[in-house]
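S.K.: Since the structure of chain G is already known, use the hints to place chain W on it.
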Amino acid sequence: MAPTLTIAPVPTVKAHKGAVAVVSFKAALPPGFHANSNTPTDAYLIPLTLKWTGGPLQADGITYPKAAQEKYSFSEKPLSVVTGEFSISTKFKVPADAPSGPAAQNGTLRYQACNDRMCFAPKTVPVTVALDIE
Amino acid sequence: MRLAAIAGVAAILGIVACSPSRPTHAVVRDTSQRKHAPDFALKDANGKLVHLTDYQGKVVLLDFWATWCGPCKVEIPWFMEFQRKYKDRGFEVLGVSMDDDGWKAITPFVEQKKINYRVVLGDDKTGDQYGGLEALPTTFVIDRNGRIAAVHVGLAGKKDFSDAIEKLLEDRALPAGGNSIRSDGADAHHRAGTHG
Chain G
58 MAPTLTIAPV
68 PTVKAHKGAV
78 AVVSFKAALP
88 PGFHANSNTP
98 TDAYLIPLTL
108 KWTGGPLQAD
118 GITYPKAAQE
128 KYSFSEKPLS
138 VVTGEFSIST
148 KFKVPADAPS
158 GPAAQNGTLR
168 YQACNDRMCF
178 APKTVPVTVA
188 LDIE
Chain W
5 MRLAAIAGVA
15 AILGIVACSP
25 SRPTHAVVRD
35 TSQRKHAPDF
45 ALKDANGKLV
55 HLTDYQGKVV
65 LLDFWATWCG
75 PCKVEIPWFM
85 EFQRKYKDRG
95 FEVLGVSMDD
105 DGWKAITPFV
115 EQKKINYRVV
125 LGDDKTGDQY
135 GGLEALPTTF
145 VIDRNGRIAA
155 VHVGLAGKKD
165 FSDAIEKLLE
175 DRALPAGGNS
185 IRSDGADAHH
195 RAGTHG
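Those protein sequences? They're chains G and W, same order as listed.
The C-terminal position of the first sequence is numbered 191 in my numbering, with every residue numbered one higher than the one before it.
The C-terminal position of the second sequence is numbered 200 in my numbering, with every residue numbered one higher than the one before it.
None of these hints come from the bench; they were simulated from the model.
Hints should not be assumed to be uniformly reliable.
[As the list claims (entries may be wrong)] In silico EDC-like cross-links for lysine to aspartate or glutamate, where the CA-CA straight-line distance does not exceed 20 Å: (1) K62/W to D92/W; (2) K108/G to D132/W; (3) K108/W to D99/G; (4) K180/G to D104/W; (5) K118/W to D99/G; (6) K162/W to D173/G; (7) K117/W to D99/G; (8) K180/G to D127/W; (9) K47/W to D132/W; (10) K162/W to E133/G; (11) K180/G to D105/W; (12) K180/G to D132/W; (13) K108/W to D92/W; (14) K62/W to E174/W; (15) K123/G to D154/G; (16) K180/G to D128/W; (17) K162/W to E174/W; (18) K108/G to D104/W; (19) K71/G to E133/G; (20) K117/W to D154/G; (21) K180/G to E174/W.
The following block holds chain G by itself, in its conformation from the complex (with noise of 0.2 Å):
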């Protein structure tokens, strides 16, 4: 079977109107799998992609994980990967005037994986963060 990006659930977030909120999550591939890291090294790879596409918050910049330089039987160089586990946190500006109570903020994480003798078709899945507006 292809491999399953898993993503860890996201405890709620308290979201203070008018500040800064700091969301992360842990998202996971299989062992022996890898996808390219948002910055891979070839223009035609597939990087790692987190797009925010709806909720009360405005994303004001992604911090991807650091990237693993690892060599496979098929890339003469070694490729930008992300494998295991690994964290994507987001800052978020908190609008003035976002209703205060329960929310969400969703998006979607697209990645594409690999081993060392096969590719597998680019996959997105949902990311949703609980919210807690005050």
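M.R.: Relative to chain G, chain W alone:
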């Protein structure tokens, strides 16, 4: 995405079931064990429709690949070499790109690598016909009669391919009308109640 979610390559080909995350190195199977290669109609870079049946009577290496697939890029130079080496003996490589971005992604790659064989843009239907294609590269070696003689899922050995091609080039095609590439998805030999 042009790749289906579920791999069925093993099912369509009747090969030994194994994890798609492991490469398969199928040997050239006996003629009686070969199944027909489904026909398709896919466009090349010039917009011309290409059918597998266009290659009737030839040994065809049908390579499903994508520009984002690292292992595919290892095999492509081998396939270019095969195209040069065996073309005059009735052999053709046909690349089927499964890139979602289509020719925008494929054309620069083909030009950069100076690919010397025909490349067409694949689609989900064709992927499904060939078992789902969960992993790339997936390469089918098709005999002169349009039957799948070998399949490799994942990066295979160059010699695995060349041995298969050499063997199939030595085989004779069936008499006219005996080609089993069919556009309706049915196996000509099975329909006719015959095998091999």
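S.K.: Could you run down the list of hints and mark each one as holding or not?
M.R.: Right, here's what the structure says about each hint:
Between the alpha carbons of K62/W and D92/W the distance comes to roughly 10 Å, so the proposed pair stays at or under 20 Å and holds. The suggested pairing of K108/G with D132/W is violated, with an alpha-carbon distance near 30 Å, which exceeds 20 Å. With a CA separation close to 16 Å, the supplied pair K108/W and D99/G stays within the 20 Å bound. A threshold of 20 Å between alpha carbons decides the hint, and for K180/G with D104/W the separation of about 12 Å falls inside it, so the pair holds.
For the suggested pair K118/W and D99/G, the alpha carbons sit about 18 Å apart, so the restraint of at most 20 Å is met. Proposed proximity of K162/W and D173/G is supported: the alpha carbons are some 16 Å apart, at most 20 Å. With a C-alpha separation of about 14 Å, the suggested pair K117/W and D99/G falls inside the 20 Å cut-off, and the hint holds. A threshold of 20 Å between alpha carbons decides the hint, and for K180/G with D127/W the separation of about 17 Å falls inside it, so the pair holds.
With a CA separation close to 17 Å, the supplied pair K47/W and D132/W stays within the 20 Å bound. With a C-alpha separation of about 17 Å, the suggested pairing of K162/W with E133/G holds against the 20 Å cut-off. The straight-line distance between the Cα atoms of K180/G and D105/W is roughly 14 Å, inside the 20 Å bound, and the hint therefore holds. For a cut-off of 20 Å, the pair hint linking K180/G to D132/W stands: about 18 Å separates their Cα positions.
A C-alpha spacing of about 32 Å is found between K108/W and D92/W, which places the hinted pair above 20 Å, so the restraint is violated. A C-alpha spacing of about 11 Å is found between K62/W and E174/W, which places the hinted pair at or below 20 Å, so the restraint holds. Restraint check for K123/G and D154/G: the C-alpha separation of about 35 Å exceeds 20 Å, so the hint is violated. Distance restraint check for K180/G and D128/W: the Cα-Cα separation of roughly 15 Å lies within the 20 Å cut-off, and the hinted pair is therefore satisfied.
For the hint pairing K162/W with E174/W, the CA-to-CA distance comes to about 19 Å; that is within 20 Å, so the pair holds. Between K108/G and D104/W the alpha-carbon distance is near 19 Å, which keeps this suggested pair within the 20 Å criterion. Pair hint K71/G plus E133/G does not hold up; C-alpha atoms about 46 Å apart against a cutoff of 20 Å. Annotation: proposed proximity of K117/W to D154/G is violated, straight-line Cα distance about 54 Å (limit 20 Å).
Proposed proximity of K180/G and E174/W is contradicted: the alpha carbons are some 42 Å apart, above 20 Å.
Violated hints, listed in ascending order, are 2, 13, 15, 19, 20, 21; each of the other numbered hints is respected by the structure.
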